[in-house]
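Quick mapping for you: the protein sequence lines, in order, are chains Y and W. Sequential numbering from 256 applies to the first sequence in the numbering used here. Sequential numbering from 29 applies to the second sequence in the numbering used here.
If you are wondering where the hints come from, they were derived from the structure by calculation, not from laboratory data. These figures come from a predicted structure and were not determined experimentally. Note that beta-carbon positions come from the ideal geometry of N, C-alpha and C, so glycine has one too. It is possible that part of the hints are untrue.
To be verified - From the derived model, a few chain Y residues whose C-beta atoms are all more than 12 Å from chain W: (1) S257; (2) E265; (3) P269; (4) Q303; (5) F314; (6) E319; (7) K322; (8) L326; (9) M352; (10) R359; (11) W395; (12) Q397; (13) D398; (14) K405; (15) Y409.
As the list claims (entries may be wrong) - Distance ranges between label pairs, derived from CB positions: (16) W:E48 x Y:K298: 42 to 50 Å; (17) W:A83 x Y:E410: 35 to 43 Å; (18) W:E132 x Y:T324: 42 to 50 Å; (19) Y:N345 x W:E86: 33 to 41 Å; (20) Y:K298 x W:A83: 42 to 50 Å; (21) Y:K298 x W:N193: 13 to 21 Å.
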Amino acid sequence: MSLLIEIENEIGFPIKRIESTDKTLSPYDETFSFKLFQKYYRKENELQALIEKTTRLLFVLEKEPNKDTRLIAYCFSLLGNMHYILKDFNKSIGCFMKSLSYNREDLTNWIELMFALRAHGNFMEFEGIIFNLEKIYSLWLQDPAKELKKEKIYELISNAR
Amino acid sequence: MNILPKSLIGPYKPKNFGKEYCEIKGSSQYPMFIAAALGIKPVFDDWIDVKKYHAYIEMCKKYGLFAEPDAVFSKTEAKKDKVIGGENIATTCHAAKRFSENPEDGEVHVFVSKSRESLLEAKKFGWYPVIINRRSLNKPYVDNAFFGKSLGYPECCIDFFRKYNNWHIYSNPYETFKNTLGSKSHYCNNFLMDKNYFYIHHLPCSYSCKKTIELAKKIEVAIKEVEPDFVEKANELLKKPLLIFREQNFILFDGIASGNRISYTYSQYINNPSRQEETIGFYDLIEQGNNLSLEGDKLIIRNNNSIIKIIEKKPFWFILDFDQNEPVN
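Work out the full structure, taking the sequences as your base and the hints as a guide.
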């Protein structure tokens with residue numbers, strides 16, 4: 256876990272964030288997006304090094320026998336935000352999907368995913384989510400699939416309409 | 029007492045260039061339309077009545093421009109404090125609908141450019157926090173930088189925006205003012221953006237920003253070629269003194285600033301319809317007077333030498349006087 260502490264020290268904020276649900280009445284927690292932008296905008300090399308560290312941490316966390324799924328979800332979300340700043344939206348989308356696979360309860364993951372889809376040029380998918388956010392959130396909470404795949408996103412968007 | 033023009037910044041009626049644009053949309057974004065049509069500005073974004081959308085697209089074609097629709101903004105009765113994330117709404121207190129659902133009313137948010145590629149790049153990052161199902165969602169913060177780049181804003185101003193465009197902590201114009209050294213150029217006057225007469229549509233990093241002046245001059249020269257009367261009027265208005273309360277919340281004066289004082293014959297108050305809570309409650313007193321001054325923590329409104337009212341001044345209020353005297357706060 257020393258790597259986790261190292262990353263937190265470097266980014267300057269805790270990886271655990273305040274989760275939102277469809278019932279939460281306050282805005283979603285934008286710490287990852289805001290603070291990474293403030294600290295790493297136009298600092299590609301530093302960000303790349305941080306991405307490598309976070310990827311290493313996730314490799315370890317995912318192999319643990321008693322996985323801390325919430326922590327893994329936060330780390331994937333953090334990593335997704337890092338890739339986003341580097342404009343690597345494909346990787347960003349992959350990370351947010353992983354985050355949603357590990358933690359379905361945090362609505363923030365859906366918000367991050369839909370904006371990454373838009374940034375990738377998937378405008379229809381973005382609209383499909385943002386105009387049906389609460390419905391999609393609740394459908395995914397109940398869905399039996401173990402992992403969120405692209406096909407599942409299309410299915411959820413279609414069922415939410 | 030103000031007896032002269034009803035509005036200092038009324039609409040502009042083109043004589044030569046872009047008449048069709050103003051007939052469809054009005055002149056609020058006219059200079060950005062010209063700048064895009066002449067290929068100086070890579071992309072600009074606009075809001076068009078859904079009923080006029082097809083006419084707008086046809087008009088764009090005539091000028092060699094592509095347009096790409098985003099969401100449709102419509103008026104909402106929703107109170108910001110009842111909207112989740114409502115406190116983050118700075119300029120766009122509207123509900124949104126899908127364009128593809130062919131709504132009968134509202135305004136389509138469109139991106140306009142001579143290049144289809146630039147257009148789509150801008151659209152990726154050009155979402156605004158509008159209200160959907162009682163929720164308003166901010167886009168990722170870095171999108172502001174990506175969007176600014178795609179609209180052709182100077183990198184120094186994008187970076188300044190990154191630091192200071194936080195309505196909860198800063199007044200961006202006041203930070204810009206503090207960051208300004210030397211004479212303030214009217215080319216860096218962004219206060220009239222969306223109000224017919226302006227050259228820049230971004231928040232400059234200083235009121236003497238070289239990159240901004242360069243960009244604004246380029247636009248001025250291009251507009252002068254096709255619509256000289258516009259430039260004359262714009263330059264006149266952009267040099268008028270201002271009393272700034274916040275972004276999109278200021279008074280434009282027909283008058284003269286000198287040091288900490290403005291003497292005026294007429295004024296026009298502009299406030300932000302999306303942030304009604306910031307509207308000042310004493311503009312009628314300013315209308316009754318003919319001069320005002322900022323003295324320490326006071327705003328003093330006078331008619332000649334007689335004081336009409338002394339107001340507690342907020343630290344970030346300031347007078348801005350382009351191309352003439354140093355602004356004061």
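Non-conforming hints, listed in increasing numerical order: Of the numbered hints, all hold.
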